[in-house]
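Chemist: For the protein sequence lines, the chains are U and P, in the order given.
Each step along the first sequence adds one to the number in this note's numbering, with nothing skipped, and position 263 is 263.
Each step along the second sequence adds one to the number in this note's numbering, with nothing skipped, and position 23 is 350.
Since the hints were derived computationally from the structure, they do not count as laboratory data.
Even for Gly, the Cβ is constructed at its ideal location relative to N, Cα and C.
Take these hints with a grain of salt, some might be off.
With beta-carbon atoms standing in for the labels, derived distance ranges [to be verified]:
no. : chain 1 : residue 1 : chain 2 : residue 2 : range
1   : U       : Val214    : P       : Ala658    : 43 to 53 Å
2   : U       : Ala13     : P       : Val501    : 51 to 61 Å
3   : U       : Thr195    : P       : Trp480    : 57 to 67 Å
4   : U       : Ala13     : P       : Val518    : 48 to 58 Å
5   : P       : Leu447    : U       : Ser293    : 20 to 30 Å
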Amino acid sequence: MSASRRNLAAFFALLAVGAVMPMLAGQARFPQWLEIVLGGLMSGVLYSLVALGLVLIFKASGVFNFAQGAMVLFAALSLVRMMEKMPFAVALALTLAIMVALAWLVERLVLRPLVNQDGIVLFMATLGVAYFLDGFGQIVWGNDVYTLDVGMPKEPKIILEKMFEGGILVNTEDLIAALIAAILVAALALFFQKTSTGRALRAVADDHQAAQSVGIPLNRIWVIVWSVAGLVALVAGVVWGSKLGVQFSLQQVALKALPVVILGGFTSIPGAIVGGLLIGLGEKLSEVYLGPSFGGGIENWFAYVLALVFLLFRPEGLFGERHIDRV
Amino acid sequence: MIYRETGQFKTTYASDQQLFPILQDRIFVIAFLVFAFGAVPFIATDYLFRAILTPFLILSLAAIGLNILVGYCGQLSLGTGGFMAVGAYAAYNLAIRLPSLNLLVVFVLAGLCSTVVGALFGIPSLRIKGFYLAVTTLAAQFFLDWAFARVGWFTNYSSSGSVSAPPLLFFGHVIEGPVEKYLFVLSIVCVLALVAKNLTRGAIGRSWMAMRDMDVAAEVIGIRPLYAKLTAFAVSSFFVGIAGALWAFIYLGAWEPLAFDVNRSFELLFMIIIGGLGSIVGSFLGAAFIVILPLALNQFPTALGIPISTATISEIELMVFGALIVFFLIAEPRGLARLWAIGKEKLRLWPFPH
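Between the sequences and the hints, there should be enough to build the whole structure, so can you do that?
Modeler: Structure follows, in structure tokens:
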């Protein structure tokens with residue numbers, strides 16, 4: 001067992017002890033603890049949804065897309081405003097078309113002129129795109145708080161009543177969101193593994209030049225990847241929007257997805273999922289059990305610090321590609 | 328023609344290494360300083376001092392600090408706002424708890440506090456690189472935001488969470504009025520800009536740049552990454568901390584943690600991108616651009632007589648900001664500083680083509 005493996009194992013052992021601790025210390029009964037764990041895992045799934053978009057784009061084009069949060073907001077805003085005038089299915093299709101158009105525009109106006117630039121330049125360009133989208137979306141669609149109702153049941157449900165006294169309270173909405181996320185991930189995995197476009201995408205992710213030399217059109221691949229990221233943003237926007245309402249603060253969700261991607265590794269889709277679950281879990285547990293002794297409000301930074309500590313053990317994230325420097 | 332170096336011979340190493348080797352540059356800089364110190368206080372209006380000159384100078388200082396870290400050492404940081412807050416709250420606590428302390432000492436000590444915190448959050452940079460590091464600097468930002476909002480000691484247990492600066496006592500004289508504040512800030516910024524310029528020209532600046540260009544190669548030729556990266560974080564945080572203290576004490580007067588949130592970090596990052604990464608002049612140009620742009624955008628529709636609500640203006644501002652950043656990155660990835668250099672080069676040859 002190598003030293004880094006041992007460190008990793010130690011980190012997870014610590015995490016597990018931290019997670020189980022409150023129950024062993026008698027602070028919480030088992031059902032209550034389970035409730036918190038489930039809640040954490042489900043909000044983790046939602047973080048994964050945003051993180052997924054980031055990972056897709058980074059994998060295929062090496063761009064750290066800061067605009068993912070703005071895309072989530074923009075998609076949700078477009079959908080909610082168009083739903084006022086037309087049925088849900090039409091609005092959804094139109095929003096999807098808008099996201100594809102956006103992907104095409106970004107590729108044409110931002111990525112293509114910046115080809116061969118440093119990663120940091122591309123990252124800052126996506127910051128510009130994020131600002132632009134924030135302003136544009138609010139000018140076109142308005143800046144109020146809109147409620148997005150896509151017919152998700154909102155009442156919490158009590159399960160496992162037979163096993164525990166009082167049962168466990170579960171948010172149905174979160175449950176459906178987790179289901180949607182699972183379907184999305186499965187669909188993406190199929191798309192990447194089984195279709196020829198998916199194979200081309202993976203080839204580009206592996207090596208730009210080699211992919212180009214066997215005749216894969218880079219520009220088209222980028223449009224496709226940004227469109228897929230737009231689709232993921234739309235799904236995330238629907239789920240988050242119906243949970244929190246569609247408003248400007250929705251784009252803050254992207255900031256929550258950043259520790260998820262660095263924890264999971266920038267280049268790994270499973271990493272985004274596992275990272276999301278870990279962050280969601282850690283956040284909830286820490287908020288409930290550690291929060292009071294810190295004075296509350298620690299969920300804003302806890303995820304980041306968790307990711308930071310983890311990176312000290314493994315700088316390329318959980319599933320990220322090991323980085324080898326050559327002179 | 329005007330900007331001609333013919334006949335200016337360098338006969339000593341000292342004259343070869345001086346800051347402005349060309350006579351015209353020296354004359355220009357001296358004339359500019361004389362103008363800034365001597366003429367501006369008499370001709371500028373209060374509005375100009377309050378809304379443009381003072382914030383511009385303070386943000387330039389912060390931009391210089393960030394540029395040292397990002398532009399010279401290549402460590403992308405999104406936690407600048409947090410380090411500014413450290414400077415501001417350190418200055419506040421020093422001034423409140425030790426009222427007899429000279430204002431300059433307060434600011435320097437505040438800068439040193441920020442240095443310590445910055446170096447602490449710089450430690451991960453030894454292991455974590457690139458975007459992973461950028462995200463971990465956000466940890467600093469959010470943690471510091473939270474600490475200043477929640478830990479009562481920092482705000483002297485103020486019930487609203489907002490604090491106000493004590494009177495600015497400077498050698499027995501209270502600094503008041505926009506002109507005095509402007510001169511005070513201008514002096515500090517001039518001195519620190521000179522320090523920054525010389526640091527980046529010297530051995531330490533070269534080791535930062537070697538780190539930026541390729542860290543493994545730099546290590547091979549004998550630059551210690553630990554030393555180079557942590558000094559970059561420390562020096563950068565010192566500048567940013569002093570800028571934060573000035574921002575809070577001189578510009579804002581009374582503030583709450585929100586004044587130093589993550590948007591401030593992004594704003595500073597834009598300044599150095601638009602101004603030019605790895606350039607001291609660029610930090611000034613970028614700061615000027617970002618300070619003046621929103622004001623100009625505000626004036627523009629009113630001047631044309633089009634009624635637009637303030638919400639729409641702020642949204643248009645966001646759009647223009649975003650579009651300009653993308654435009655600058657495409658048109659001139661090295662920013663306004665590069666345009667400035669090109670202009671100077673053109674002036675050297677003018678009116679001849681070669």
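Chemist: Each hint needs a verdict: does it hold in this structure or not?
Modeler: Each hint tested on the structure:
no. : hint                            : result
1   : U/Val214 - P/Ala658: 43 to 53 Å : violated (33 Å)
2   : U/Ala13 - P/Val501: 51 to 61 Å  : holds (59 Å)
3   : U/Thr195 - P/Trp480: 57 to 67 Å : holds (59 Å)
4   : U/Ala13 - P/Val518: 48 to 58 Å  : holds (52 Å)
5   : P/Leu447 - U/Ser293: 20 to 30 Å : holds (22 Å)
Violation of the numbered hints given earlier is confined to hint 1; every other hint is satisfied by the structure.
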